[in-house]
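Trainee: As a plain string of letters, each chain reads:
Number of protein chains: 2
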Amino acid sequence: MKNTHTAPSELSVQDAQACILGKIRPLAPEEIPLSQTLGRALAEDVRANRDLPPYNTSAMDGYAARAADIAAPPQILNVIEDIKAGDTPRLALQPGQCARIMTGAPLPQGADTVIRVEDTRPLDETHVEFPIPVKQGTDIRLQGEAMRTGDVVLNVGEEITPGTVGTLATVKHATVKVFRKPRVAILSNGDELEALDDPFNPQKIPDANSYALMAQTQSLGIEPALLGIARDTPNALATLLKRGLGYDVLLISGGTSVGVHDHVRPTLATISVEMHFWCVKMRPGHPVAFGTIGNTLVFCLPGNPVSSMVCFEQFVLPALRALMGHRRLLRRTLPVRLTQAVKSKQGRVEFIRATLSRDASEGYYQATPTASQSSGNIRSMASADVLAIVPNDSGGLTAESITQAQLLEGAAFQ
Amino acid sequence: MKNTHTAPSELSVQDAQACILGKIRPLAPEEIPLSQTLGRALAEDVRANRDLPPYNTSAMDGYAARAADIAAPPQILNVIEDIKAGDTPRLALQPGQCARIMTGAPLPQGADTVIRVEDTRPLDETHVEFPIPVKQGTDIRLQGEAMRTGDVVLNVGEEITPGTVGTLATVKHATVKVFRKPRVAILSNGDELEALDDPFNPQKIPDANSYALMAQTQSLGIEPALLGIARDTPNALATLLKRGLGYDVLLISGGTSVGVHDHVRPTLATISVEMHFWCVKMRPGHPVAFGTIGNTLVFCLPGNPVSSMVCFEQFVLPALRALMGHRRLLRRTLPVRLTQAVKSKQGRVEFIRATLSRDASEGYYQATPTASQSSGNIRSMASADVLAIVPNDSGGLTAESITQAQLLEGAAFQ
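Here the protein sequences come in this chain order: V and H. Note that the working numbering numbers the first sequence so that position 141 is 141, with each residue one more than the last. Note that the working numbering numbers the second sequence so that position 140 is 554, with each residue one more than the last.
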């Protein structure tokens, strides 16, 4: 049970992340239809191709008028025109005149103010009374107020959200330059594993990792390739590993410990993968390794499903997001109040699966650890809303402590 | 400018949501491949088809032994076997014997304890010294500890997250019964609108809503159909509306005010859509309406892009999630500290687009309103992390107030 390969000593989570991100540049840009851009990162600054509004418009349904004409209310004005969005006003307002106007419609020449319909008293088709004064300029949207031709309206690296898609449509980008998505391959490892389509054998361990990692990858908008299960012989493993090197990112779970039966380390060495670290001061997930060969990133994740998923969140997720050109690389954290004491081993960061709840004060969320914190129990990842972080110098936290927690996928809704 | 249709008076946001959700049942279940289930809701309880672990296993790399044999350390035991994950132990331990064992490997008969490799001193291939005592039962995972055959491991209505996918793979669900996704159609309305593929005309208003609503729908895993832009004639609108009634949900933006030029209300009436409300006490988004015809839900959203998106978040999003069978229907809210005072009109809930930041204390997030709160400025939705809620009875909030904020799509990462 000797470690047959030398490797740097174990890193902190932050140092391991820095090591990984230091080796990553965004992938090449590609131009794709607007309808496929959600969740991608912009590969270019985007400029406005028009003024918005294109002219001074009404912000309300009401009447366009000259403020001077209604400065001493009540005043009755002549309605000379009816202007709706998309119209071009035909007449300029003269003193004593006004125009009926709809939200978004262009202001007629001479008008400097909009009076909301609820602040008026229509008398007949062509006369309306203004019972109260209205300040000049009220309820007008000025030309170029929302954007001005040539303005940078979106910046390279911005994540494309629904608001971004709306902005891109506004400046008429039917196609958009974004950074390419990484191609990701996933590989499980171990003689004890039963594939999803293998016949049922109650003595085997089902291969959960391939699918949990698949789903974590999918949650970033990437459809991974599942390479299957490598059996515990160097040849079987080498064959699948080499296939994995055709991808941008290869995820291997299981078989990465230092035991004599763990072939991953020696096999990676024979195919010349340069390893940058072999373990991280964290739990679950201590035996997590990272290497590179050419432009391929290789992550060796633990065999326990929970450990493997927690390591994905800390290391693979920021790597995939960095490859996609995102600026925001980590899960959103939020402060939570622990409902129970949690233990941790000095010198390791502990990630506690927990569910969120709130009390009537609507202050900090309460985080309650899931019943089982065993790294073999994948149900704890199915039920968790967050990974609550127990810092590595704390040696545990007492009940009622406030700590930071990473918001998992399913906790976006409540 | 008379309201030609009677409708109930304006509702609160909560009453409007309750009105909508009261008319919704989850859609029919369908069975789909596990690889396509992420983000869907389970339409059945899922039970374990196996014990996990299937037998008592080692939780660590080390030695399986009898605790009694090392009760008085140091003790030297004979190594009689080498057991890795997937093996079946050939020998039962006799007093004075131990077996080398890997994480996940089955315990040999007679063993009751695992001693981690770092707590041992291997002497030669067949002898190992145990310098410290280890409590009986240490580092053993008991059969059925993670799940027991027949246990309900996932419940109907649970959102399928990566952890759920891993759990489903564990119980060998290659296909999964989930609630069907709604089919959604999107329609914009207005003569002033320029379609994405129309020639550029700087006097027109680009149709941002179709695409922003498309992306909001996509963010829930639903690919909507874009029906295009209805021009401002009752016939053009009626034709597209009728096409929209072939979907589960029809979203119409623009033209829903009470003005004489707004055809949406009368046209909905002619095609017998039953309207349940016409406006909600909120800003932006006051003129938002909801109706039903047969099994189709019809939402009339404001023409301003921001208003339309905010109304989607409050009303369409929970409706789509309810149709998909989800239990969690609303965006996650979190408490934030406002960096600026915000105004609001008494009697209306105000949704403030804001960005999140943190100070060193890592307590509550700070929320800073985006530069423009104009509902015509879609860039404010592109840059916002949250919609901060100004309650309808507050009349505004002072700087440093704590209030609740809805976490938008792009704020899942930091």
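Check the hints yourself; a few may be wrong.
As the list claims (entries may be wrong) - With a straight-line Cα cutoff of 25 angstroms, these simulated DSS-like cross-link-like pairs (lysine-lysine) come out:
id: 1; chain 1: H; residue 1: Lys757; chain 2: V; residue 2: Lys172
id: 2; chain 1: V; residue 1: Lys242; chain 2: V; residue 2: Lys181
id: 3; chain 1: H; residue 1: Lys595; chain 2: H; residue 2: Lys437
id: 4; chain 1: V; residue 1: Lys23; chain 2: V; residue 2: Lys345
id: 5; chain 1: V; residue 1: Lys23; chain 2: V; residue 2: Lys281
id: 6; chain 1: V; residue 1: Lys23; chain 2: V; residue 2: Lys177
id: 7; chain 1: V; residue 1: Lys204; chain 2: H; residue 2: Lys595
id: 8; chain 1: V; residue 1: Lys135; chain 2: H; residue 2: Lys759
id: 9; chain 1: H; residue 1: Lys618; chain 2: H; residue 2: Lys695
id: 10; chain 1: V; residue 1: Lys281; chain 2: V; residue 2: Lys242
id: 11; chain 1: V; residue 1: Lys281; chain 2: V; residue 2: Lys343
id: 12; chain 1: V; residue 1: Lys345; chain 2: H; residue 2: Lys549
id: 13; chain 1: H; residue 1: Lys595; chain 2: H; residue 2: Lys549
id: 14; chain 1: H; residue 1: Lys549; chain 2: V; residue 2: Lys343
id: 15; chain 1: H; residue 1: Lys437; chain 2: H; residue 2: Lys586
id: 16; chain 1: H; residue 1: Lys695; chain 2: H; residue 2: Lys757
id: 17; chain 1: V; residue 1: Lys23; chain 2: V; residue 2: Lys204
id: 18; chain 1: H; residue 1: Lys757; chain 2: V; residue 2: Lys135
Since the hints were made in silico from the structure, they are not lab data.
Trainee: Checking each numbered hint in turn, tell me which of them this model violates, lowest number first.
Mentor: 1, 4, 7, 9, 10, 13, 15, 17
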